[in-house]
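Given the coordinates of chain A, assemble chains B and C onto it according to the supplied hints.
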Amino acid sequence: MEFFTIINIGGTIAFAISGTLAGIRKQLDIFGLLVIAFVTSIGGGTIRDMLIGHLPVRWLLDSSVILLITGTFILTILLKNHIEKIDKTLTLFDSLGLGFFTLRGIQEGLAIQLDMSACIILGTITACFGGLIRDILLNEIPYLLRKEVIYATPCIIGGLCYFLMKQIALPNELIDLLTILIIFGIRILAVKKNISLPRGG
Amino acid sequence: MEFFTIINIGGTIAFAISGTLAGIRKQLDIFGLLVIAFVTSIGGGTIRDMLIGHLPVRWLLDSSVILLITGTFILTILLKNHIEKIDKTLTLFDSLGLGFFTLRGIQEGLAIQLDMSACIILGTITACFGGLIRDILLNEIPYLLRKEVIYATPCIIGGLCYFLMKQIALPNELIDLLTILIIFGIRILAVKKNISLPRGG
Amino acid sequence: MEFFTIINIGGTIAFAISGTLAGIRKQLDIFGLLVIAFVTSIGGGTIRDMLIGHLPVRWLLDSSVILLITGTFILTILLKNHIEKIDKTLTLFDSLGLGFFTLRGIQEGLAIQLDMSACIILGTITACFGGLIRDILLNEIPYLLRKEVIYATPCIIGGLCYFLMKQIALPNELIDLLTILIIFGIRILAVKKNISLPRGG
Chain A
428 MEFFTIINIG
438 GTIAFAISGT
448 LAGIRKQLDI
458 FGLLVIAFVT
468 SIGGGTIRDM
478 LIGHLPVRWL
488 LDSSVILLIT
498 GTFILTILLK
508 NHIEKIDKTL
518 TLFDSLGLGF
528 FTLRGIQEGL
538 AIQLDMSACI
548 ILGTITACFG
558 GLIRDILLNE
568 IPYLLRKEVI
578 YATPCIIGGL
588 CYFLMKQIAL
598 PNELIDLLTI
608 LIIFGIRILA
618 VKKNISLPRG
628 G
Chain B
428 MEFFTIINIG
438 GTIAFAISGT
448 LAGIRKQLDI
458 FGLLVIAFVT
468 SIGGGTIRDM
478 LIGHLPVRWL
488 LDSSVILLIT
498 GTFILTILLK
508 NHIEKIDKTL
518 TLFDSLGLGF
528 FTLRGIQEGL
538 AIQLDMSACI
548 ILGTITACFG
558 GLIRDILLNE
568 IPYLLRKEVI
578 YATPCIIGGL
588 CYFLMKQIAL
598 PNELIDLLTI
608 LIIFGIRILA
618 VKKNISLPRG
628 G
Chain C
428 MEFFTIINIG
438 GTIAFAISGT
448 LAGIRKQLDI
458 FGLLVIAFVT
468 SIGGGTIRDM
478 LIGHLPVRWL
488 LDSSVILLIT
498 GTFILTILLK
508 NHIEKIDKTL
518 TLFDSLGLGF
528 FTLRGIQEGL
538 AIQLDMSACI
548 ILGTITACFG
558 GLIRDILLNE
568 IPYLLRKEVI
578 YATPCIIGGL
588 CYFLMKQIAL
598 PNELIDLLTI
608 LIIFGIRILA
618 VKKNISLPRG
628 G
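Protein chains in written order, with the working numbering: chain A, 428 to 628; chain B, 428 to 628; chain C, 428 to 628.
Chain A with its partners taken away, still in its complex shape:
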């Protein structure tokens, strides 16, 4: 299996797990949890595709995504006591997913000739808006808005590095890999050090 396919699957799984766990804390019923798992996992890419007009959105055309999320969901429900213990593994996948999805959004933007700022925004939306919709549905002020540092900040910095590396003409594969690693690294660091940004007020 290709490197990117693995990360993609890992990211999808991690987001599906994190959505399910968030729903359990809010005491949703089984189907409510399934909806939350889906939305967290594919919400960001869906918004991106709706913004750029890449329609029908991808997951409607590819039932393997639907199967992957449903399978992850069922396993999460069955194993939830164990999964809550493996918090570190979750953060790991979640951070890899953040990196991959940001890269994916940037590439989708480049494919339709968008400029740098638009591409970075698309990447950040792809990576972060699934969690944003999850929080809206669960009736909370989105975590994204309160703890940006561990969501949007790594994506934005990673996106800037991506275009910087393009400037110095590194090979494409290396740029992709480094972008994911940068986002992954900042995310892990921010979670570990519990870093937070200054408030605006």
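Quick caveat, the hints were computed from the structure, so don't treat them as lab data. Be careful, since some hints might not be right.
Pairs involving identical chains hold if they fit within one copy or between any two copies, as the list cannot separate such chains.
Claimed, not checked - Think about it this way: if two alpha-carbon atoms lie no more than 30 Å apart in a straight line, the pair counts; the simulated DSS-like pairs of lysine-lysine are:
1. Lys-453 with Lys-593
2. Lys-593 with Lys-507
3. Lys-620 with Lys-453
4. Lys-507 with Lys-453
5. Lys-619 with Lys-507
6. Lys-453 with Lys-619
Below, chains B and C without anything else, positioned relative to chain A:
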């Protein structure tokens, strides 16, 4: 008038009424209620059309829908004391609407060659996401997530039956009719028996 | 600079400021505020473009909008103590923006041959849905639904006047200007007099 046109109109009316009544409970002003009536009624189909790229969305092209909802809204405001008494009629229309809108979503999916799981998801979105957006706007954890059994569950089961009946090659009209009746029946039963799904936690 | 360009920029700036200030009140961190500033400013136009299929949405193709909002955001953060004092200037720009964005939505609708009611709805969405999404993200019952009179009502009345003036065949530029002024005027009046609509219940 055709059978499906009647159900379609009935569903639209029922959802417009249920949105208006939900807004009244939250003490919205007149235009706030109108917005909620619209969103509840056409929200699901709008999200579906935005996901599959069927744009501009239908109701922008067909002012009869706008007139129908506005008329229903005005009547609901004027007659609201009576409408709250006719709760059963509302559940009836609401359940018929659920059946029709699910069928409609499935058919839209088939028209663009989506596979079974994608079609059932589209059907469920068409039937349930108007109410979902209504609840988000009214700042509640969506009813869909807490009481799936009377929303998404009938749609998903009805959708599965639809494709099962396709397999055994029943005539199309019969399949359509039975799908609506199955969803309608499960919904009515679930509301009557006050059935609920197990929580995930 | 053209008259409409000025109003457009003024409206974008006003909405970016109002989003930032709303976020500060909710104690978001810096990037959370930036997200809110963007969403408030371009949310309405984005929803409109997604509904009519005008994709990719405009601001993805025009980085000057992104720069304008980011610049406004930075200035708002730096000058926030002063800006809160200049509340009247904000209402002024906000109301001009409301007028301009309504007109813009109507024109986009006419460009794809939508009829009157659909055009007015599009105009209202363009002008009001940025604030609606802002409120959803900040986990409040949208202000739009509670205080419609100072949001949707001026847009709807202005839209009706637009089509009335078309009927009596005034010159296009005059119609555009008068529509903005009517919406602006009603808005300012409603804010000043603290007018509110009757509740539905």
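> Which numbered hints does this structure break?
Replying inline: As far as the earlier hints go, 1, 2 are violated by this structure, in ascending order.
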